[in-house]
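K.L.:
The primary structure of each chain is shown beneath.
There are 4 protein chains.
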Amino acid sequence: MNEAVALARDLAAAFAGRAAAHDRDGSFPKADIDDLRASGLLGLMVPEPLGGSGADFHTYVQVARELATGSGASALIFNMHASVTGALASVPDELVRALGAPDAFFAARDDVLRRAAGGALLLVAMSEPGVGSRFSAMKTTYERRPDGRGWRIRGHKSFCSGAGHADAYLVVARSSDGVHASQFLVPAGPGVTVEPTWDALGMRATASHDIRLDVEVPDAALLGGVEGLAPVVAQLMPQWLVASYAAVYVGVGQAAIAAAVADLQRRGLTDLPAVRARIGRADAELAGAWAATLTAARAVVDAPGTPDTNAWVFRAKLLAGDAVMSVAASMVEACGGSALRRGHPLERLYRDARCGAVQPATSDVCAQWLGATALGVDLDGPQGVRPW
Amino acid sequence: MNEAVALARDLAAAFAGRAAAHDRDGSFPKADIDDLRASGLLGLMVPEPLGGSGADFHTYVQVARELATGSGASALIFNMHASVTGALASVPDELVRALGAPDAFFAARDDVLRRAAGGALLLVAMSEPGVGSRFSAMKTTYERRPDGRGWRIRGHKSFCSGAGHADAYLVVARSSDGVHASQFLVPAGPGVTVEPTWDALGMRATASHDIRLDVEVPDAALLGGVEGLAPVVAQLMPQWLVASYAAVYVGVGQAAIAAAVADLQRRGLTDLPAVRARIGRADAELAGAWAATLTAARAVVDAPGTPDTNAWVFRAKLLAGDAVMSVAASMVEACGGSALRRGHPLERLYRDARCGAVQPATSDVCAQWLGATALGVDLDGPQGVRPW
Amino acid sequence: MNEAVALARDLAAAFAGRAAAHDRDGSFPKADIDDLRASGLLGLMVPEPLGGSGADFHTYVQVARELATGSGASALIFNMHASVTGALASVPDELVRALGAPDAFFAARDDVLRRAAGGALLLVAMSEPGVGSRFSAMKTTYERRPDGRGWRIRGHKSFCSGAGHADAYLVVARSSDGVHASQFLVPAGPGVTVEPTWDALGMRATASHDIRLDVEVPDAALLGGVEGLAPVVAQLMPQWLVASYAAVYVGVGQAAIAAAVADLQRRGLTDLPAVRARIGRADAELAGAWAATLTAARAVVDAPGTPDTNAWVFRAKLLAGDAVMSVAASMVEACGGSALRRGHPLERLYRDARCGAVQPATSDVCAQWLGATALGVDLDGPQGVRPW
Amino acid sequence: MNEAVALARDLAAAFAGRAAAHDRDGSFPKADIDDLRASGLLGLMVPEPLGGSGADFHTYVQVARELATGSGASALIFNMHASVTGALASVPDELVRALGAPDAFFAARDDVLRRAAGGALLLVAMSEPGVGSRFSAMKTTYERRPDGRGWRIRGHKSFCSGAGHADAYLVVARSSDGVHASQFLVPAGPGVTVEPTWDALGMRATASHDIRLDVEVPDAALLGGVEGLAPVVAQLMPQWLVASYAAVYVGVGQAAIAAAVADLQRRGLTDLPAVRARIGRADAELAGAWAATLTAARAVVDAPGTPDTNAWVFRAKLLAGDAVMSVAASMVEACGGSALRRGHPLERLYRDARCGAVQPATSDVCAQWLGATALGVDLDGPQGVRPW
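Residue numbers (my numbering), protein chains in the order written: chain G, 83 to 470; chain E, 83 to 470; chain X, 83 to 470; chain Z, 83 to 470.
Hints are supplied without guarantee of correctness; some may be wrong.
[Stated by the list, open to error] Over the 12 Å line for every Cβ pair with chain X, so calculated as not near, a few chain Z residues: (1) Glu225; (2) Asp281; (3) Ala359; (4) Gly418; (5) Arg424; (6) His426; (7) Arg433; (8) Pro442.
[Unchecked claim] Stretches of chain E that chain G covers, calculated by requiring three or more beta carbons in the stretch to come under 8 Å of a beta carbon on chain G: (9) 136 to 149; (10) 362 to 373; (11) 440 to 450.
These are calculated hints, taken from the structure and not from any lab test.
For each residue, glycine too, the CB sits at the ideal point set by N, CA and C.
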């Protein structure tokens, strides 16, 4: 097993011990994030020369799954950090240079990654109320400062996992003339106000609050160094928008099966055929989602951004989101009334599980995208499907 | 519409306004029960000469469904009261007389029913930890008092909806020699100790706590006036053990669809084909469960206890328990992230919905029972299925 | 049990004995239809004064289900005849009079119904290739004959069950100016040419061939006596376009369960939990579809054409079409390899079962219609769903 | 792409052109097998020194899937040949030597494999009527010939794919004293009588007839050279008994999606959301099954016979058998009535698809096996699950 994966497995055991309390209180899992920082996993996606592990997406999904078997919420926060660092680290230099990135960008980017490897937590502020993740409909805007140096960003973001606990947020905003959708790295501080709106069914410890932005940032905060990169990055690396969660939800599903097995073993109910059928079918369905996730991850590494790779990315998201839900619901049924009590891990996992298919790209959107693709529809044409 | 059903519909609107708070706090819905009392619905199943409405099971399921659209938890508590009064009221006099009931029984029974019509809340203490509802495995025992007058009952019951709020509990206990499983009506009071164990995923307001029993009751507390009636009543009226919940969960499912429709209308999302497909399929699945529940109820009234009637009873339970789960899960997906927030009715209904298939007879047990029956297996033979 | 239902049950036994051969050869079940004629069931929907039984839709669905347990194909042919006679018999006199029907219409209609009761087989030629049942897109046209007496009808119809074996066909055609969609009763004979295109997966004995029309009919052939009635009748009695099949497919599902039970009993495999679970869940799912079908039928009788009635009609179609498919597929799995052999009734029933959800209104269309209705969408508006 | 896989893809195109006729007539696809022979693919699993390609299981599943996109039946026949050659080639020499195999065995085995590489078709006669594949219940027996040289084998086998077209059959038989279950390679010829019983719902071209055996074979026909190896081989290489079909059914599912896409494109129906959702979900479900199959295959190559590998083998079988069924049924629904006509590829694929979950190990058996394994049950103990 990869060293980082083994590390994640160890951390997951610690996460598991704290998950119930954070779920109950809806509190941020500070100790879990501290563990990640201490272990060096915040540098997982950062290139080795910058102090990180230089892992690829195939390693990432394994790490994320392991962490999620301990706490889905903490794994989701980790996923956000990995998305920012992973995307930053893997946008090809030639591409951004060709698109017009100034030299200063590369130093700024390396500096950010170096800090992430050193323990800075970088999260995401993308979704907006009533908009979701569709860039073209976002109302958060940016404009040049009057003095022509730096940018002013104003807007309202929702579902910002880890809000109030990050060192900086990746913010997607549109130019005030509506032409560009760009990405900025906005440091926490004045002008970044957290509204504690997150009090949810599941994944309660993610602190996915709303954020109000009215903030000025320097030129170097513009990621890629040029405007309009947000759709380019999405096109190039849909895995970070669409499927990096998949691994998390497979881990949640595994935790649900493990919790059911432990419960049934303890109560001596391992010979009931109906129970075995539930466990066996759950095992298989989740394994299918996991195999698809690994296949997607391998494709992302070997052939990033190709139509075939992107199809695997959407498949992984759809299968993981649906599987975790059906698995968790069935495990509750396998264990019966005792699994309904607060304190039983399945009580929490059943709630966490419902969040998977609902996170973008939702299962319904994935199905439309995959169907349109298989039918040979031009995804950018009038009949196309655009998940962002 | 039947008068009682219309009344229930009115009450449901009031229940709905209180449901979120009781769910949040896990508190008993006292005002809901007071409403039921004031409206006279606690006498729904009590014969008219004894002060009640003399309703039949077909009316009961309609009332229960209406109440549940406001609060599944309050409807479940009502269901327990209706089970006790309904079963008491409908055990045929000739039968219990033939089985040896003393004359005193009839007066005692009528007195109980008269008090229920007057507002006394009668609930159920049947399940036991690790035993469920299988009479033959129950560890709660009863024995003659040393002076030969009355009975002493000792044991531990779980999942007692409304524990601490009832005037009396229907308790199933086995004779200390293990020969009989009998039913007693045990008044609340000393010797009936509530252990506040209920803190659950869903149906949080039912106060389904554990109860410890060490109590002496008079002769008249033995229901039917003779020992050993528990299995007889179950055989005769499986609807009260197996399917009276079905109507409650159909009501919960309806509330989920209604909540999704309201949410989607408010947000102007009524033209999305994926959303329409989810609503349409949910509507149909739940309607099938409801049609089966009504069919079962009609059969219970017209031909109680026949094999065909009992099959409909198990079908209704299976279909309602499964439908409410899949409906609630799909409605969350139709509405997306907003439905995950606490305070959104779907957040609660999704949790309530998971309890249906888990309440006995579970969906898996219903399927075994129906399958064995269809295959012509002798249910009392070595290959039979006994849900109680 | 209703007399007609009992009669149907008897006939079903005879149908069952012939079903395999007609399925193998794709031949028309002439003996089955002769049985229906001899039994008087062709007059089921014809008013008593005209020589029929004057049955309502609630009786019809029970008769259709019984027949289908013997042969789904013969029951489908019967369904078509019942649709024509049932719709003719139940269009209110006042309505057609108000719409301008001449006196001559009533005598003509009564004559048709009298002949149907006497044994004339009336079937339907509605669908068109590439069009389905959408009136507005149909290419079959009618126009006044040059001498102003009678009509000339030309077109191409598909999926005409019983083609070549009917005495007359109900044909939907549009006026040559495209304004009206009208219904004609076209006698078999010259100008009505059957193209033997029906060679299908299931329901092979229905002879649902194509028909080419180039025929002149007298004035009296115009049903209702006025042009433009086709959409009015569909609106008024969607049951005949949407849900009369539902009963047939429930019957096919019942036959599948019965075949599986017989097979498993014969082989002594009644104690396998996985098999019991399959039978039990199939029994429940089909029972839900049947209860919904009966509910729809009762509503059609008690409150024809209301929104609530129409919702039940679509629910019944959706549930029956989906249930029969999942039931038949599961029964094959319960019985294993032996059920795959030609000659085993499940081999045929599995193929017949796939046709249900595909017949209009398809399950997907039903779901859209139900979803849009529940969401309060104006079905005739720009976002509406029109299944015909 | 691997050369053998590319070859298989080419052959599949030719298979596809013949599949409809063989399905219609239930005739053996001689030309397909000739193509396999001519292409050298009959030597796929034969070691290179013996004239074959020396492919591993991971290559095998890719080849089998490709072939199945052209004809599921031909791919199943190929699967049987690959099972015999693949198992023979990969039983470790040390193991059989340790178990007592005489030197003569190795030469005999190599000779068989050399002939297979040269074009001899080796198939399987394992299942028995009413027994399936459970070795312990088989009634086919073998005994020493009176002169002590060679064996006499007598029995009745069913579901022998390619019966009458093989050069030799791998036969599992039990010693007449019931102690051993052994495998023999029995040449076609007198004493091996084909009963043409195969006339089936799907996979009609496999000629999976019954075989009656009353035949004498030389010592060298005993595979492994020692008695009692059948369960050892099953334990060691469950992939050939359990999951080699999985790849075939994934290929059938792909053909179904491709047929639906082609149909919908031809009719210009690529923009219907309900259709896209069906295609998209089918694509994802099948992809999950395929990813699991590849994962199983990789595990078989890297860590044959370990518990984790065997779990993947059962998962692949379960997922592929279930996915192909639901995919094919949904694709018919996506295309509607036209897909029900004989001649439309979906009409055949829908029938072929039903065979997957029914072939051993059935989906229900896989679920029990996986569930028991996950629950830590001793599979060889009294509560174990033994699929053979």
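K.L.:
Please list, smallest to largest, the hint numbers that this structure does not respect.
P.N.:
2, 3, 4, 5, 6, 7, 8, 9 and 10
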